[in-house]
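Q: In case you want the letters, here they are:
Protein chains: 2
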Amino acid sequence: MAALKAHTGATTSLYSPAGTATLLRSRKRRVAFPSRVRVSCSTVVIGLGGDSGCGKRTFVRRLASVLGDGAAPPRGGNPESNTLVGDTATVICLDDYHSLDRPARKARGLTALDPRANDFDLMYEQVKAIKEGRAVEKPVYNHVTGLLDAPELVRDMAERGQSLGSITASIEARKPDFDAYIDPQKQYADAVIEVLPTKLIPDEEEVGKVLRVRLIMKEDVKHFAPVYLFDEGSTINWIPCGRKLSCSYPGIRFAYGFGTYFGHEVSVLEMDGQFDRLEELLYVETHLSNLSTKFYGEATQQMLSHADFPGSNNGTGLFQTILGFKIRDLYEQIVAERDAVAADAVKA
Amino acid sequence: MAALKAHTGATTSLYSPAGTATLLRSRKRRVAFPSRVRVSCSTVVIGLGGDSGCGKRTFVRRLASVLGDGAAPPRGGNPESNTLVGDTATVICLDDYHSLDRPARKARGLTALDPRANDFDLMYEQVKAIKEGRAVEKPVYNHVTGLLDAPELVRDMAERGQSLGSITASIEARKPDFDAYIDPQKQYADAVIEVLPTKLIPDEEEVGKVLRVRLIMKEDVKHFAPVYLFDEGSTINWIPCGRKLSCSYPGIRFAYGFGTYFGHEVSVLEMDGQFDRLEELLYVETHLSNLSTKFYGEATQQMLSHADFPGSNNGTGLFQTILGFKIRDLYEQIVAERDAVAADAVKA
Numbered sequence: 001m002a003a004l005k006a007h008t009g010a011t012t013s014l015y016s017p018a019g020t021a022t023l024l025r026s027r028k029r030r031v032a033f034p035s036r037v038r039v040s041c042s043t044v045v046i047g048l049g050g051d052s053g054c055g056k057r058t059f060v061r062r063l064a065s066v067l068g069d070g071a072a073p074p075r076g077g078n079p080e081s082n083t084l085v086g087d088t089a090t091v092i093c094l095d096d097y098h099s100l101d102r103p104a105r106k107a108r109g110l111t112a113l114d115p116r117a118n119d120f121d122l123m124y125e126q127v128k129a130i131k132e133g134r135a136v137e138k139p140v141y142n143h144v145t146g147l148l149d150a151p152e153l154v155r156d157m158a159e160r161g162q163s164l165g166s167i168t169a170s171i172e173a174r175k176p177d178f179d180a181y182i183d184p185q186k187q188y189a190d191a192v193i194e195v196l197p198t199k200l201i202p203d204e205e206e207v208g209k210v211l212r213v214r215l216i217m218k219e220d221v222k223h224f225a226p227v228y229l230f231d232e233g234s235t236i237n238w239i240p241c242g243r244k245l246s247c248s249y250p251g252i253r254f255a256y257g258f259g260t261y262f263g264h265e266v267s268v269l270e271m272d273g274q275f276d277r278l279e280e281l282l283y284v285e286t287h288l289s290n291l292s293t294k295f296y297g298e299a300t301q302q303m304l305s306h307a308d309f310p311g312s313n314n315g316t317g318l319f320q321t322i323l324g325f326k327i328r329d330l331y332e333q334i335v336a337e338r339d340a341v342a343a344d345a346v347k348a
Numbered sequence: 001m002a003a004l005k006a007h008t009g010a011t012t013s014l015y016s017p018a019g020t021a022t023l024l025r026s027r028k029r030r031v032a033f034p035s036r037v038r039v040s041c042s043t044v045v046i047g048l049g050g051d052s053g054c055g056k057r058t059f060v061r062r063l064a065s066v067l068g069d070g071a072a073p074p075r076g077g078n079p080e081s082n083t084l085v086g087d088t089a090t091v092i093c094l095d096d097y098h099s100l101d102r103p104a105r106k107a108r109g110l111t112a113l114d115p116r117a118n119d120f121d122l123m124y125e126q127v128k129a130i131k132e133g134r135a136v137e138k139p140v141y142n143h144v145t146g147l148l149d150a151p152e153l154v155r156d157m158a159e160r161g162q163s164l165g166s167i168t169a170s171i172e173a174r175k176p177d178f179d180a181y182i183d184p185q186k187q188y189a190d191a192v193i194e195v196l197p198t199k200l201i202p203d204e205e206e207v208g209k210v211l212r213v214r215l216i217m218k219e220d221v222k223h224f225a226p227v228y229l230f231d232e233g234s235t236i237n238w239i240p241c242g243r244k245l246s247c248s249y250p251g252i253r254f255a256y257g258f259g260t261y262f263g264h265e266v267s268v269l270e271m272d273g274q275f276d277r278l279e280e281l282l283y284v285e286t287h288l289s290n291l292s293t294k295f296y297g298e299a300t301q302q303m304l305s306h307a308d309f310p311g312s313n314n315g316t317g318l319f320q321t322i323l324g325f326k327i328r329d330l331y332e333q334i335v336a337e338r339d340a341v342a343a344d345a346v347k348a
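First to last, the sequence lines map onto chains V and H. Take 1 as the starting number for the first sequence in UniProt numbering and just add one per residue. Take 1 as the starting number for the second sequence in UniProt numbering and just add one per residue.
Hints are supplied without guarantee of correctness; some may be wrong.
Here's a subset of chain V near chain H, in silico, CB distances under 10 Å, partners left out [stated by the list, open to error]:
| no. | residue |
| --- | --- |
| 1 | F230 |
| 2 | W238 |
| 3 | A336 |
No farther apart than 27 Å at their CA atoms in a straight line, the calculated lysine-lysine pairs in the DSS-like style are these [to be verified]:
| no. | chain 1 | residue 1 | chain 2 | residue 2 |
| --- | --- | --- | --- | --- |
| 4 | V | K218 | H | K244 |
| 5 | V | K244 | H | K222 |
| 6 | V | K199 | V | K218 |
| 7 | H | K175 | H | K106 |
| 8 | V | K128 | V | K138 |
| 9 | V | K199 | H | K199 |
| 10 | H | K199 | H | K209 |
| 11 | H | K106 | H | K128 |
| 12 | H | K244 | V | K222 |
| 13 | V | K244 | H | K218 |
| 14 | H | K128 | H | K218 |
| 15 | V | K244 | V | K199 |
| 16 | H | K199 | H | K175 |
| 17 | V | K138 | V | K222 |
Simulated from the structure, these hints should not be mistaken for lab results. Cβ atoms here follow ideal geometry from the backbone N, Cα and C, with glycine treated the same way.
Pulled out of the complex, with its shape left as it was, chain V reads as follows (with noise of 0.2 Å):
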């Protein structure tokens, strides 16, 4: 599960560890990063939190590709940092704002998840300076000496060679304060991608293979309008393949639908499977409506140049894509809206 928040008002409710913030911001002023960042008036706060595992860091880097950004770790610094610096946007890996280290944490018999292990006033103070326009002086963990938790545990796995045991243990053991500090704040977001079994496969043994992903988006947030397929606000459930496209077994399906989620009224949209060719992609994008894509086939094109990242090939890609197109257009809704009331401001 991933949530996100776009922060768009004057107060930031930022996600807690395991989580990111990302900074979008216009290019009217140089960034120094990472002790010391300076942004213009029109900065946008990206919260994004999830489960160890989930994808949190591919769905930045898929939304670093959509902003056309060059986002690469701070020079000199962690080339496995989870920090990232780019034209448009600045990443900051919420993890640096722990205020216990590893042995603290043992001694006191605390998760990196507990708040207590945090200092959330700094956190608050600086992306507030940050999103103000104001230079911070940003902790720096370094991940290479262990005082900090690796977040992306499954990609961690696939890109280090970890093993699964050794990494479900991990999940396992965080497991009560992840249920306890992380998980609820999905009901703040807005929108979250679940990931859960297929159902294409009946009986299917071999967890994780295939997937259905949920992109689970909240209705009436300015600026930022639900994906939906065919018919906006109805139920539909479309199998893409057969007469006009074929799909080897056990093929796709979507749904879309709506819903409440945590008391919000929610568009659902669902995508069971995974995609085999390039033809099955495409198509699939161009029956989606309100992707917020600048061109045809946009959505293809930026997870075929990233097939090698993690879920490329199904739902979590799509949507972590997707999502990015939406944060995009939010974005340059907002700075629109700022440029136009500055104009307003001048002739007054």
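Starting from the known structure of chain V, arrange chain H on it as the hints suggest.
A: Showing chain H alone in chain V's frame:
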């Protein structure tokens, strides 16, 4: 079940009793009917067959309306006759070709559905002659004297106050011959309307109150492209009732897909439930594709102008109306093609 075949070739293979033939013709010549029928060379023969009470006569009336035809029983004849004469269409009830009257059938132990009770040779000769533009002496049976069965039993009940018990008994008695002689004809139809019980109400006891209706259209029939929902050649379930359209219980559900029907590739569009208000009907119409309507909302207009016809609030009325458009379109394309051939012949 109503089955329909458009005969556009030189050979006609019409439906046996419990069927009608509709002759569509251009307005080049005047027509004397019922005793003598003359038509121009632009004649298209539509065969229509199906079970007693399935709505064949209602379908013919809807078709005549779509064609803008003032179709009415022949002057001076029985006003209850199934024969209709209009400006563009002439409807012949194939019961007129019974070779045995009711007493004769009773004496030999045959139902009216039995081929031995019908003169197919005369039917073939006369329809062929009409198709070729020659006049015929067509037998006319008198419905009042009881020499013919009344085929539209469900409508008869509604319109003439017959008891459900006597109708059910009559249908049950003819069931073996229906299965043997009428039902198998659907495999030759280009379009079939199937009427089934609803799935919207669990354990529905009141059979026939809410209907689930399927429009099955053969693929690759010239000038007769199947209707589809959202994405041609895929599989879709659609509940239009939702945020934009509110429906009363039990709502409306559409399904669209494809498959084989007696070895033929077919498209299948299914509607479960019924319309309560104009906006529901219009909303559904605007989301269906390939209807062959001539203007926005024509199906809704047709349905509303015959709101008193049986099935006007469910899939039977909608699909009969749509088939009317498809037949009108087919006819106009055939006429245009023949006119083009004729024009070329004049030039050469």
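Q: Confirm or reject each hint.
A: Structure-based check of each hint:
1. F230: At 4 Å from the nearest chain H Cβ, V/F230 passes the 10 Å test, so the hint holds.
2. W238: holds, 5 Å
3. A336: violated, 28 Å
4. V/K218 x H/K244: holds, 17 Å
5. V/K244 x H/K222: Answer holds: V/K244 to H/K222 is near 20 Å, not above 27 Å.
6. V/K199 x V/K218: holds, 25 Å
7. H/K175 x H/K106: Roughly 16 Å between the alpha carbons, so the hint for H/K175 and H/K106 holds.
8. V/K128 x V/K138: Holds, because 12 Å separates the two Cα atoms, which is no more than 27 Å.
9. V/K199 x H/K199: holds, 22 Å
10. H/K199 x H/K209: holds, 12 Å
11. H/K106 x H/K128: violated, 31 Å
12. H/K244 x V/K222: holds, 19 Å
13. V/K244 x H/K218: holds, 17 Å
14. H/K128 x H/K218: holds, 24 Å
15. V/K244 x V/K199: holds, 23 Å
16. H/K199 x H/K175: It holds: about 25 Å lies between the C-alpha atoms, which stays within 27 Å.
17. V/K138 x V/K222: This hinted pair is violated, its Cα atoms lying about 31 Å apart.
Violation of the numbered hints given earlier is confined to hints 3, 11, 17; the remaining hints are satisfied by the structure.
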